[in-house]
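Undergrad: So the chains spell out like this:
Number of protein chains: 2
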Amino acid sequence: MDDPVLLTGASGRVGQAILGGIGEDYDWRLLDREPPTGESDHEFVVADVTDEDAIRAAVDGCGAVIHLAGDPRPEAPWDSVLRNNIDGTQTILDAAVDAGVDRFVFASSNHAVGHYETERKPDLYRSDDDFQLDGTELPRPGNLYGVSKAAGETLGRYYHDEHDLSFAAVRIGNLTEGHPPIDYERGQAMWLSYRDCAHLFDRCLSADYGYEIVYGISDNDRKYYSLERAKEALGYDPADNSAEWDGDEQVE
Amino acid sequence: MDDPVLLTGASGRVGQAILGGIGEDYDWRLLDREPPTGESDHEFVVADVTDEDAIRAAVDGCGAVIHLAGDPRPEAPWDSVLRNNIDGTQTILDAAVDAGVDRFVFASSNHAVGHYETERKPDLYRSDDDFQLDGTELPRPGNLYGVSKAAGETLGRYYHDEHDLSFAAVRIGNLTEGHPPIDYERGQAMWLSYRDCAHLFDRCLSADYGYEIVYGISDNDRKYYSLERAKEALGYDPADNSAEWDGDEQVE
Chain B
1 MDDPVLLTGA
11 SGRVGQAILG
21 GIGEDYDWRL
31 LDREPPTGES
41 DHEFVVADVT
51 DEDAIRAAVD
61 GCGAVIHLAG
71 DPRPEAPWDS
81 VLRNNIDGTQ
91 TILDAAVDAG
101 VDRFVFASSN
111 HAVGHYETER
121 KPDLYRSDDD
131 FQLDGTELPR
141 PGNLYGVSKA
151 AGETLGRYYH
161 DEHDLSFAAV
171 RIGNLTEGHP
181 PIDYERGQAM
191 WLSYRDCAHL
201 FDRCLSADYG
211 YEIVYGISDN
221 DRKYYSLERA
231 KEALGYDPAD
241 NSAEWDGDEQ
251 VE
Chain D
1 MDDPVLLTGA
11 SGRVGQAILG
21 GIGEDYDWRL
31 LDREPPTGES
41 DHEFVVADVT
51 DEDAIRAAVD
61 GCGAVIHLAG
71 DPRPEAPWDS
81 VLRNNIDGTQ
91 TILDAAVDAG
101 VDRFVFASSN
111 HAVGHYETER
121 KPDLYRSDDD
131 FQLDGTELPR
141 PGNLYGVSKA
151 AGETLGRYYH
161 DEHDLSFAAV
171 RIGNLTEGHP
181 PIDYERGQAM
191 WLSYRDCAHL
201 FDRCLSADYG
211 YEIVYGISDN
221 DRKYYSLERA
231 KEALGYDPAD
241 NSAEWDGDEQ
251 VE
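Top to bottom, those sequences are chains B and D.
Counting from 1, one number per residue, gives the positions in the first sequence under the UniProt record's numbering.
Counting from 1, one number per residue, gives the positions in the second sequence under the UniProt record's numbering.
Please keep in mind that the hints were generated in silico from the structure rather than gathered at the bench.
Each hint should be verified, as a subset may be incorrect.
Chain copies aren't distinguished; within one or between two, either way the pair holds.
[Stated by the list, open to error] Pairs of lysine to any residue, SDA-like flavour, derived with a Cα cap of 20 Å: (1) Lys231 <-> Trp78; (2) Lys231 <-> Tyr209; (3) Lys121 <-> Gly100; (4) Lys121 <-> Asn84; (5) Lys121 <-> Asp161; (6) Lys231 <-> Asp202; (7) Lys121 <-> Glu162.
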C-alpha cells in the first residue's frame with residue numbers, strides 16, 4: 001500500500017502496540033486529540049474525531065484508516081460515547097468514503113458482547129468450557145461503551161453495503177504489554193499480546209475482505225471467542241497464549 | 001395492566017393504527033412533539049424525546065412504554081437520527097428504568113435490515129422465493145435511519161440485560177390503511193394492516209417475554225420475514241395477507 005494509513009487515537013495503547021510492531025511497514029499519518037509527548041517518527045495531526053472539517057482534511061489522500069479514537073472507558077457516560085464513539089465513527093466513515101478510502105479497520109471491543117458472560121461466568125473463562133462466540137451473534141453490550149462499539153460495527157456494515165468500503169471490526173480483548181494479566185481469569189481468556197495485536201492489524205491492512213467482525217485476542221487456552229474468522233478471512237496467525245506464560249520472562 | 005401505557009410519537013401513523021385498534025383497552029398517556037390536532041380522548045403530553053426532564057416526568061407512574069417517536073424518514077440525515085432516534089431512545093430507556101417501568105416496546109424498522117435485499121431483489125419479494133430473515137441475523141441497514149433503529153435494538157438489549165427490562169423490538173414493515181400497496185411488490189411482501197399492527201402491539205403489551213426482535217408484518221404470501229418469533233414469543237395471530245386483497249373492498 002503506497003497511500004498513507006490514517007491511524008486515529010494513535011497515542012493510545014492499541015495505537016502504540018500497532019506502531020511498535022509494524023511502524024516501519026506503512027506510511028502512517030497519525031491522529032490524536034492530544035499532541036505527541038515526544039518527537040513523532042511520522043506525520044502527526046492533532047484533531048478531535050468530532051471535528052468534521054479536520055477529519056476530512058486528515059483522511060484526504062489516505063488509502064486506509066485504522067480508527068481507534070474514542071472514549072475508551074468501559075464506564076464512560078452516554079453523552080461521551082454518543083459524541084466521541086458513535087458520532088465520531090460516523091464522521092470519519094463518511095469522510096473516508098468521500099475521500100475514496102478503500103478499507104476501514106475499526107477498533108470494536110469485547111464490551112460489545114459483555115453480557116453473554118453474565119450467566120456463564122466464571123466457567124466460560126476456563127479451558128474446559130466449550131462456550132464460544134464467533135462474531136455472528138447479535139451484540140449484548142455490557143455497558144453503554146459496548147453499545148457505542150456495536151453501533152460502530154453497524155455503521156461499518158452500512159458503509160460497506162452502500163459504498164463498497166472494506167470494513168473490519170476487531171473486538172479487542174485485554175491488551176497488555178509484556179505478559180498476560182495475573183490473577184484475572186477473564187483477562188487471561190481474552191488476552192491480546194502486543195505482537196499479536198500488531199500482526200492482526202497488519203492482516204486487516206493486507207488481506208482481501210468485504211465486511212468482517214473478528215475477535216482480537218491471542219490464541220489462549222482459556223478463550224471463549226472463536227478465532228476462526230480472523231484466521232480464515234484475514235490470515236491471522238497468533239503467536240501467543242496466556243497459558244504459556246510461566247511467570248519468568250516477558251513475551252516479546 | 002393498571003398503570004398507564006406511555007405511547008410516544010402518538011400522532012404518527014403507527015400510533016394512530018394502535019389507538020384505532022386498542023385505544024379502549026389500556027389507560028394511555030400519549031406523547032408527541034406536536035399538540036393534537038383535535039380533542040384527544042386520552043391524557044396528552046407535548047414534549048420532545050430529547051428533552052430529558054420532560055421525558056422523565058412523562059414516564060413517571062407508567063407501567064409500560066411503546067416508543068414510536070423519532071425521525072421516521074428513511075432518508076433522514078445523520079444528525080437528525082443521531083439526536084432524535086439514537087439519543088432519544090436512550091433518554092427514554094434510561095428514564096423508564098429509573099421510573100420502574102416493566103416493559104418497553106420499540107418501533108424498529110425493516111430498514112434495519114434493508115441491505116439484505118440488495119442482491120436478492122426482486123426475487124425475494126415473490127411467493128416462490130424461500131429466503132427469510134428471522135430476527136437473529138446481524139443488522140444490515142439500508143440507510144442511516146436503519147442504522148439508528150438497529151442502535152435502538154442494541155440499546156434495548158443492554159437495558160434488558162443490565163436492568164431486567166422486558167424489551168420487544170418490532171421491525172415494522174409497510175403499514176398502510178385499508179388495503180395493501182398496489183403495484184409495489186416490496187410493499188406487498190412486508191405489508192402490515194392496521195388491525196394486525198394494533199393486535200401485534202397489544203401482544204407486546206400482554207405477552208410474557210424477556211428480549212425479542214420480531215418482524216411486524218401481516219401474514220403475506222410474499223413475505224421474506226419470518227413471523228415465527230412473533231407467533232411463538234408474543235402470540236401474534238395475524239388476520240391479513242396482502243395476497244388476499246381482491247381490489248374491491250377495504251380490509252377492516
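Undergrad: Against which earlier hints does the structure fall short, listed by number upward?
TA: Checked against the structure, the hints that fail are numbers 1, 3, 4, while the rest are satisfied.
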